[in-house]
Amino acid sequence: MSATLSQDVKNIKKLVLHNPVILKLEEPELPESDRLVQYHIKCEEEDKFVLIYALLKLRLIQGKSLIFVKSVDRCYRMKLYLEQFGIKSCVLNSELPATCRCHAVSQFNMGIYDIIIASDELTADQPSSDPARKKRKMDKEYGVSRGIDFQFVSNVINFDFPETVDAYIHRVGRTARGNADGTALSFVSTKEIDLLKKVEDYFADGSGERKTHFKPYLFKMEELEGFKYRAKDAFHAITKIAVREARLKEIKSELLNAKNLKPYFEDNPRDLQILRHDKTLHTVKLHSHLKDVPDYIVPPTLKGAAANANAKKKNPKNKKKEGKGSIKQRKNKKDPLKSFQFAGLTELEGRKKH
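Residue numbers (the UniProt record's numbering): 1 to 354.
Hints are computed from structural coordinates only; laboratory data are not their basis. Note that the coordinates shown come from a computational prediction; the quantities given were computed from them, not determined experimentally. Mixed in with the good hints, there may be bad ones.
List time: in silico EDC-like cross-link candidates among lysine to aspartate or glutamate, alpha-carbon distance up to 20 Å [stated by the list, open to error]:
#1 K70 x D47
#2 K64 x D181
#3 K220 x D47
#4 K232 x D292
#5 K88 x E245
#6 K228 x D295
#7 K232 x D73
#8 K198 x E245
#9 K191 x E46
#10 K197 x E45
#11 K70 x E44
#12 K240 x E46
#13 K215 x D181
Derived CB-CB ranges, DEER-like [claimed, not checked]:
#14 L15 x R270: 40 to 50 Å
#15 I297 x K198: 34 to 44 Å
#16 G304 x E95: 34 to 44 Å
#17 D149 x P294: 35 to 45 Å
#18 N11 x R59: 40 to 50 Å
#19 E222 x N268: 27 to 37 Å
#20 V9 x N268: 47 to 57 Å
For every residue, glycine included, the Cβ atom is placed at its ideal position computed from N, Cα and C.
With the hints as extra help, turn the sequences into a complete structure.
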C-alpha cells in the first residue's frame, strides 16, 4: 500500500505484481472550513521576521506548529533567528539520515518540542525527472511536507508561500487531521501575490468540496514598531557563515549519533528519548536581553497576551520547594540582630576555645 505512486513504486509493481489493481480514493483535498481556518497576511521580507517573532513570543500562536520556508538555508536562518529570542525549534533537514528525521518527528509528536521548521528542498541524492525542477531542487513529491506522519499539529505557517498549488495542499494538509481543528497562516510578500492568486483561483474554480475561503489575518503591522528594532538586530547578526556553520555542526552531530551510538541506543532506549534535536547551535552570539519582552514595546491591544506569556514563564510550579532549614536560615539572614557580626567578638570567642 502506498499513498503516492512514484516512478520507483511503479517499476516495482511491474517486476513483482501480476495484474495489480490501483485503487484511487476520492477525498477532499483539504479539510472542511469548519475544521481548517486559512488565513493570509501581506507583508514584505523584513516584516515577516518581525511578525513571526511577535506571534511566537506573545503566544498568539499556541499549540504545535510547522513553519515552512523555501530552502534548507532558510530553515537554519529561521532557527538561529528564533534562538536569539529564547524560542526553541527543530529543523527537519532532508540532508540528515532518515533515522534522525524520524526520531525528530516522533519527539515532536510526543510533545517534547512544539516547533518544527521544514522546507520542500531536495537533496542531491533525490532524483527528479523534470530538469527544470531538478535545477531548482524543488518537488512536491520529495518535500518533507509529504509522507511524514505529523500528529496533533495545530498550526501550519507558510513563512515562504509555496510555489505550486499541490505544495500548498500538502503543507496545509498536515493540520486539521482526523476530527481535530487547525489553522493555516500564510505570509505573502509582493513577489508572492501571484502564487496566492493561483491557489485562490484553483479552489474557486470547482464546486462543492473544492470551495474554500481565505480570510485576511487582521494584524496592524504598525503596532509592532517596538519589535522591529530587536528583530532587525537579531536578523543582521545571522551571517551566511553562521548559517553554514550551524548546518555543518548539526549534520556532524546527527551523523555521529546515528552511526557511532546506534549500538548504545539499542541497549539503552531511554537515553535515545533524552536526545534532543532543538538544542541551541551557538553559531550566533546570543544577547540575553532579547529573550524578554519589555512592556513598553508591546502595543496596548496586545498587553493581555504579553501578560499571559510572562505569567507562564514565572509559573510557581517550576520553583523548587525549600526545606524548613533553608527557610529558617534565610529568615536569620534578614534579621539584623541575628546576622550582625563583630570582628572583635569573633576573635575573643576564638581565644576562649583555645
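**Asked** Falls inside 35 to 45 Å, the C-beta gap from D149 to P294?
**Response** Taking Cβ atoms as reference, D149 and P294 lie about 41 Å apart, which means the hint holds.
**Satisfaction of the hinted span 40 to 50 Å by the C-beta atoms belonging to L15 and R270** = Since the Cβ atoms of L15 and R270 sit about 42 Å apart, the hinted range of 40 to 50 Å holds.
**Prompt:** Is K70 close enough to D47, meaning Cα to Cα at most 20 Å?
**Reply:** Given that 20 Å is the threshold and the Cα spacing comes to 17 Å, the pair holds.
**Asked** Regarding the pair K240 and E46, is the alpha-carbon distance no greater than 20 Å?
**Response** holds (17 Å)
**Message:** What's the verdict on K215 and D181, does the C-alpha distance respect the 20 Å limit or exceed it?
**Reply:** Answer holds: K215 to D181 is near 16 Å, not above 20 Å.
**Item:** Restraint check for K88 with E245, where alpha carbons must lie at most 20 Å apart
**Value:** holds (18 Å)
**Message:** Check the hint pairing K198 with E245 against an upper bound of 20 Å on the C-alpha distance.
**Reply:** Between K198 and E245 the Cα gap is close to 37 Å, so the pair fails against 20 Å, i.e. violated.
**Asked** Does the Cβ-Cβ separation between N11 and R59 fall within 40 to 50 Å?
**Response** holds (49 Å)
**Asked** Holds or violated: 34 to 44 Å for the Cβ distance of I297 and K198?
**Response** Check passed, 37 Å falls within 34 to 44 Å.
**Request:** Take the C-alpha atoms of K232 and D73, compute the straight-line distance between them, and say whether it is at most 20 Å.
**Result:** This hinted pair holds, its Cα atoms lying about 19 Å apart.
**Request:** Determine whether the Cβ-Cβ distance between E222 and N268 falls within the hinted range of 27 to 37 Å.
**Result:** violated (54 Å)
**Message:** For a C-alpha distance cap of 20 Å, please report whether K70 and E44 respect it.
**Reply:** Holds. K70 to E44 sits at ~15 Å (cutoff 20 Å).
In this structure, the earlier hints numbered 8, 19 and 20 are contradicted, and the remaining ones agree with it.
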